[in-house]
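Engineer: Note that our numbering has the sequence shown beginning at 11, numbered continuously upward.
Be a bit skeptical, because a hint or two may be false.
Okay, the calculated beta carbon distance ranges per label pair [what the hints assert, rightly or not]: (1) Val182 <-> Glu128: 53 to 59 Å; (2) Ser71 <-> Ile148: 16 to 22 Å; (3) Gln144 <-> Ser71: 45 to 51 Å; (4) Met11 <-> Gln43: 46 to 52 Å.
These aren't lab readings, by the way, just hints derived from the structure by calculation. Yeah, the Cβ is synthetic: ideal placement off N, Cα and C, and Gly gets one too.
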Amino acid sequence: MAATITPLMDGLFTSLRSFLIAHVTVTSCRQAQQNKTAMPTGDFIVMTPLGVDGLSTNAVSYQFDPDSDTNTETHNRTTVWRCQIDFYGESAQEFANIIAMICRSDYSCEWFRRYKAETGNPLITPLFCTDPKQTAMINGEDQWENRWTCDLHAQIPASVVVPQQFMTYASVRADSVDAKFPPENV
11 MAATITPLMD GLFTSLRSFL IAHVTVTSCR QAQQNKTAMP TGDFIVMTPL GVDGLSTNAV
71 SYQFDPDSDT NTETHNRTTV WRCQIDFYGE SAQEFANIIA MICRSDYSCE WFRRYKAETG
131 NPLITPLFCT DPKQTAMING EDQWENRWTC DLHAQIPASV VVPQQFMTYA SVRADSVDAK
191 FPPENV
């Protein structure tokens, strides 16, 4: 059994994408760093993962089943997932401000709690979102594109499961030894 981790990055992007398209009207909302994909037209959003930072040390628990050969050890840690959100198009500034403002409120935390309960997708708890800034870009046709960027910092419950062996019993016997310890005349 190989080690496994939850939540998976795809689940985090699914949850965040659902939040974004529920609050702003865009033609596309996708994950960044995809090869051989054309830039969408109109107003759209691109999400880029920036990193995962630990907030706690590991809390370890063990799962033992005497009838199973596969037992596990689980490491749980509270972490912060950082994701850059780029808004493109004529409404980029407005959309970036909408998302940045509601990510700093209890509304977004409640929204993600309900979403997890309804879909089973990973829980994201927004901690804060940086203020939007203009990060205009020049496209392949040497034309300026309107782009506004903010960084979401969200708490996620990370968990890693690894295989663990357990000893269920031991056979112990006592044997008499005719020897003096420590040995003499060595």
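Engineer: Take the hints in turn and mark each one as holding or not.
Structural biologist: Structure-based check of each hint:
1. Val182 <-> Glu128: 53 to 59 Å: Cβ of Val182 to Cβ of Glu128: about 55 Å, so the range 53 to 59 Å holds.
2. Ser71 <-> Ile148: 16 to 22 Å: violated, 52 Å
3. Gln144 <-> Ser71: 45 to 51 Å: holds, 46 Å
4. Met11 <-> Gln43: 46 to 52 Å: violated, 30 Å
The structure is inconsistent with the numbered hints 2 and 4, although it conforms to all the rest.
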